[in-house]
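Please work from the sequences and hints to get the whole structure.
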Amino acid sequence: MAPNDRDHSNVIRISPYHYVHVLNLNTNVTRLVLGPRTFVCMQDEKVVVGPEKMISLAPTQFCVIANPVVKGASGEPLLDPSGQVKLKLGDKVYRFHEDPFPLYPGEMLDGRIETLPVVAPNTALRLRALLDFTDTDGQERIVGEEWLFEGPATFYPRKEIEILKTEKAIVIEINTALCIRATKNCTDRSGKQRVFGEMWLIRTPGIYLPGAYESLVETRTAFNITDKVNAVFNPSPVNSNYHILFRDTASLFLDCRGQNAKQMQAYFLH
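Residue numbering for the sequence shown is 1 to 270, as defined by the UniProt record's numbering.
Note that these hints are calculated values from the structure, not bench results. Treat the hints with care, as some may be off.
Said to hold, decoys possible - Calculated pairs, SDA-like style, for lysine to any residue (alpha carbon to alpha carbon, straight line, at most 25 Å):
(1) Lys-86 x His-21
(2) Lys-53 x Leu-23
(3) Lys-165 x Glu-114
(4) Lys-86 x Asn-28
(5) Lys-86 x Glu-76
Claimed, not checked - Taking CB as the label site, the calculated pair distances span:
(6) Asp-110 x Gln-193: 36 to 46 Å
(7) Lys-53 x Thr-115: 17 to 27 Å
(8) His-97 x Ala-73: 17 to 27 Å
(9) Lys-86 x Val-171: 45 to 55 Å
(10) Lys-192 x Phe-133: 23 to 33 Å
(11) Ser-190 x Lys-53: 51 to 61 Å
(12) Asn-26 x Glu-145: 46 to 56 Å
(13) Gly-144 x Ser-190: 34 to 44 Å
(14) Glu-98 x Glu-150: 25 to 35 Å
Beta carbons are placed, not taken as given, at the ideal position from N, Cα and C, and that holds for glycine.
Printed below as a string of structure tokens:
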């Protein structure tokens, strides 16, 4: 309690944006009293918390409140038959920028005030659903599901979501390609359905951010073919050799489906 908040034992001066919790010694019910006001504590009452400053959040901040109060349709806290505010015990709620607010009896600040995650361009947060819920975009999420929240954007956390890590986009240079594998049945960025274990190449130069159920196997470099340099390769031990000429293509990417480095050998003929 700040100095001079009490004139004497039963008079408490509550400043603006401050609050106290007052316990009724007869009913054992604790109520919230907001400032600014001068509060006279009756003989059967006791101030158990405060005066405390209300929680104030900047536009870039958030906090987590444990055991939040139950609110009605009007937004006012609901009371039980004894007059005590109802709590969602064991639950949590995320609070963002708003007018300064107090903690009701039984509520707790879980951790400290944090800064909202800012997702940079060409990066994404890998998220996982902890509960079944409907996302802000109307999409139904099921427990265990993973997805990407791509930047540039500000991410607003919620109790149903866990942040796993930050994913970074991969640069695809000219004459290189990414060999991608599906880690689960999914739809790739071109809208094509992929099945678990399927592999494919991404050849378009630029920036590529693998999807939530895509993993990078390796980066491949094209074989350059000219009128003087041809390429001979064998895709598997059971197939015949293939002879690629300059009139067929100027460069060659070995497909990644069902092949590995030991099975793909290239021979350059001068």
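Hint check:
For a cut-off of 25 Å, the pair hint linking Lys-86 to His-21 stands: about 15 Å separates their Cα positions. Using a Cα cut-off of 25 Å, the hinted pair Lys-53 and Leu-23 holds, with the two alpha carbons roughly 19 Å apart. With a C-alpha separation of about 17 Å, the suggested pair Lys-165 and Glu-114 falls inside the 25 Å cut-off, and the hint holds. Between Lys-86 and Asn-28 the alpha-carbon distance is near 15 Å, which keeps this suggested pair within the 25 Å criterion.
Between Lys-86 and Glu-76 the CA atoms are separated by roughly 11 Å; this keeps the pair inside 25 Å, and the hint holds. For the pair Asp-110 and Gln-193, the beta carbons lie near 41 Å from each other, so the given range of 36 to 46 Å is met. Taking the beta carbon of each, Lys-53 and Thr-115 are about 20 Å apart, inside 17 to 27 Å as hinted. Range check, His-97 to Ala-73: Cβ separation about 23 Å, and the 17 to 27 Å hint holds.
Under the hint 45 to 55 Å, the C-beta atoms of Lys-86 and Val-171, about 54 Å apart, fit the expected range. Between Lys-192 and Phe-133 the C-beta distance comes to about 28 Å, which sits within the given range of 23 to 33 Å. As the Cβ distance of Ser-190 to Lys-53 is approximately 53 Å, the hint placing it in 51 to 61 Å holds. At about 51 Å, the beta-carbon gap between Asn-26 and Glu-145 stays in the expected band of 46 to 56 Å.
Range check, Gly-144 to Ser-190: about 26 Å between beta-carbon atoms, so the 34 to 44 Å window is missed. A hinted range of 25 to 35 Å for the beta carbons of Glu-98 and Glu-150 is consistent with their spacing of about 27 Å.
The structure is inconsistent with hint 13 alone, although it conforms to all the rest.
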